[in-house]
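Start from chain A and add chain B according to the hints.
Next come the chains, spelled out residue by residue.
Number of protein chains: 2
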Amino acid sequence: MGNAPTCREAILAIKPYIPGKPIEEVQRELGIKDVIKLASNENPLGPSPDAVQALRDASEKVYLYPDGNCYYLKESLAEKLKVSPENLIIGNGTDEILKLLAETYLDSGDEIVMADPSFSEYEFAAKVMGGRAIKVPCRNFRHDLSAMAAAVTTKTKLVFICNPNNPTGTIVGKAALEGFLKEVPPHVLVVMDEAYAEYVTAEHYPDSLEFVRNGMNNVIVLRTFSKIYGLAGLRVGYGVAASQIVNDVNRVREPFNVNLMAQAAAIAALKDEAHVGKSLEMNNEGKKYLYNQFEALNLKYVPTEANFIFVNIEKDSREVFKELMKKGVIVRTGDIFGYKDFIRVTIGTQRQNEQFIWALKEVLNEV
Amino acid sequence: MGNAPTCREAILAIKPYIPGKPIEEVQRELGIKDVIKLASNENPLGPSPDAVQALRDASEKVYLYPDGNCYYLKESLAEKLKVSPENLIIGNGTDEILKLLAETYLDSGDEIVMADPSFSEYEFAAKVMGGRAIKVPCRNFRHDLSAMAAAVTTKTKLVFICNPNNPTGTIVGKAALEGFLKEVPPHVLVVMDEAYAEYVTAEHYPDSLEFVRNGMNNVIVLRTFSKIYGLAGLRVGYGVAASQIVNDVNRVREPFNVNLMAQAAAIAALKDEAHVGKSLEMNNEGKKYLYNQFEALNLKYVPTEANFIFVNIEKDSREVFKELMKKGVIVRTGDIFGYKDFIRVTIGTQRQNEQFIWALKEVLNEV
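Residue numbers (this note's numbering), protein chains in the order written: chain A, 996 to 1362; chain B, 996 to 1362.
Any given hint might turn out to be false.
The list cannot tell twin chains apart, which means a pair is met if one copy fits it or any two copies do.
[Said to hold, decoys possible] No more than 16 Å apart at the CA atoms, straight line, and that leaves these computed lysine to aspartate or glutamate pairs for EDC-like: (1) Lys-1077 <-> Asp-1330; (2) Lys-1056 <-> Glu-1019; (3) Lys-1016 <-> Asp-1062; (4) Lys-1169 <-> Glu-1357; (5) Lys-1130 <-> Glu-1106; (6) Lys-1273 <-> Glu-1193.
For the record, the hints were derived by calculation from the structure and aren't laboratory data.
Only chain A is shown next, with the shape it has when bound in the complex (with noise of 0.2 Å):
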């Protein structure tokens, strides 16, 4: 009994999460107006009009709570996705569901699976609930699965698979995943993380949600309205799995955790399909501009099948983040993720692209 409250031993593990710099921050303390973020992976041709609209509607309802059901999002969700609505969670943004996840499956001790680098909320989640995360390296910048197999043992309730890998951009194929789904043991979840599914173009890519279709009770795959839907400020994603599945997951979900307007701008964002062919189109073509501009300066980068790309400066990725953020380009570091000559890069706008290159060059030389 200590003379203060004193949190769990537990959480004094861990590391506080690096988010991108907002521009509005680089501004006040730089003093620059001229500001893009490639930093944390948005759509750089912003949300749907038809999302806006159904925003604006919505603004005088705010005084009422949200449906705490997402009765009407569900019905979307399910009708787009062929699966039920009791297929699915909603969550305050994907990263909400990573923690219901570890509070729904995670006692002390017990351990996930995820692969090294990849998406660092993973190991949050597990150690906000005293678990412990096993990182199997990536191999080639890819996934490991035969060796995130070897790595389950009878203490692992969950394995994570961020397909596509972040920071990588990298994919697992199809034939892949159902080899690694027959080795897991039937007690551990197996999380498809696909944030970025939308913006992948590889034919070999898996179609996850089948095997939910299908039954299969221990795949859950989470999805987000945040990256090509355009709506990271309102916080809203799901997971689609077995029934039983999101009916345990619903016991530790508060009651009323995804806000009102994230489910009226969700709603409208799902049927802008034009909006989403556009922002892949302009994906594509950015993703060719930065290859060609990278191959030209000499840099070596992971082939993405996301919208950002990994690439290899080179240089202490530290001193380059800086340098690029004096010029108005607010990128992410590699050594978050152990890489720290890396930077990962969103693919912006042409006129984004072309001014990070720009800057890049002035930078690389300099530092």
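Frame of chain A, contents of chain B only:
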């Protein structure tokens, strides 16, 4: 090892929260159009027009992640509350802060102390972490502080004081609270849930922020934008505490827990003191009207310091609830709080209050 993922045993006992029925759901189920909701203690005047304008202005920016630090909202709150931004933590509604507190302080087997009846989410949060809620019966619908102090053991980590109390509307006064805080050992964090603080008219209501301003490090005060500020749909609440508490709770907070629209609207709502004043005045008038009507109907009610009234209708509240709903009025049944003959009704606009009283009279004659 089963043949499917199994959830933690600790969460099996969680009873799902029963939210106030959404208007749309009642319209859908009963096929009626004119429905008023007096079930969730929302502000019937709606949001501040300034908040609505802020939402419209922000609607095209939703493709960007929100500021994970809530910089500008914290600045506004700090100025208004006369605390430092380091004393503030912002949540996806106060609901989220309750869960964050449990995640920060409760290991399996730890205890919380709370009143009964009181807000059910305290127990929910405790159960998620394998904690146990010690519920101390109210006396005369009020927190029994000496019994609550006596219920504190070496396992107690959190004590919840809901002030005004939901669902009874009663308050803990300044002198009683000060006495209680002297009795509680310093390792116990006292959570003052003041969601309805802005509605209180009693002069002996404590200024609990003064404890934080004076450096007391085992008190956290929770407030919300969901009630008098009319932003329930956006999900934004906050905690005020010593920076050490805030830092510890921040360990378990997801990086982008508070959406961008909520931050923009909350800043605007906070400045619109006229709207808060008008809301308070309407509540005071509605309170008088409803007291008079209840007295005329010979119904006993608990005098309230909040925007709802707990009233003894001397009939099965679930029956009355169903019949009221058919007449387009949604209230909250008392059975969920252990008072099956009570209903909790939100004080609405004059028109809504009149519609409620009309419906109640009809129903009490029928049931």
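A quick look at each hint next to the structure:
1. When the C-alpha separation of Lys-1077 and Asp-1330 is checked against a cutoff of 16 Å, the pair qualifies neither within a copy, at 40 Å, nor between copies, at 39 Å.
2. For the identical chains of this complex, Lys-1056 and Glu-1019 are inter-copy neighbours only, at 12 Å across copies versus 28 Å inside a copy, given an alpha-carbon limit of 16 Å.
3. In the homo-oligomer, the alpha carbons of Lys-1016 and Asp-1062 lie at most 16 Å apart only across protomers (9 Å), although the nearest pairing inside one protomer, at 32 Å, exceeds that limit.
4. Neither within a single protomer nor between protomers do Lys-1169 and Glu-1357 lie at most 16 Å apart by alpha-carbon distance, with minima of 41 Å and 63 Å respectively.
5. Taking the shortest Cα distances, Lys-1130 and Glu-1106 sit within 16 Å of each other inside one copy (10 Å), while across copies they are farther apart (34 Å).
6. With identical chains, the CA atoms of Lys-1273 and Glu-1193 are at most 16 Å apart within one copy only, with a shortest distance of 12 Å there and 47 Å across copies.
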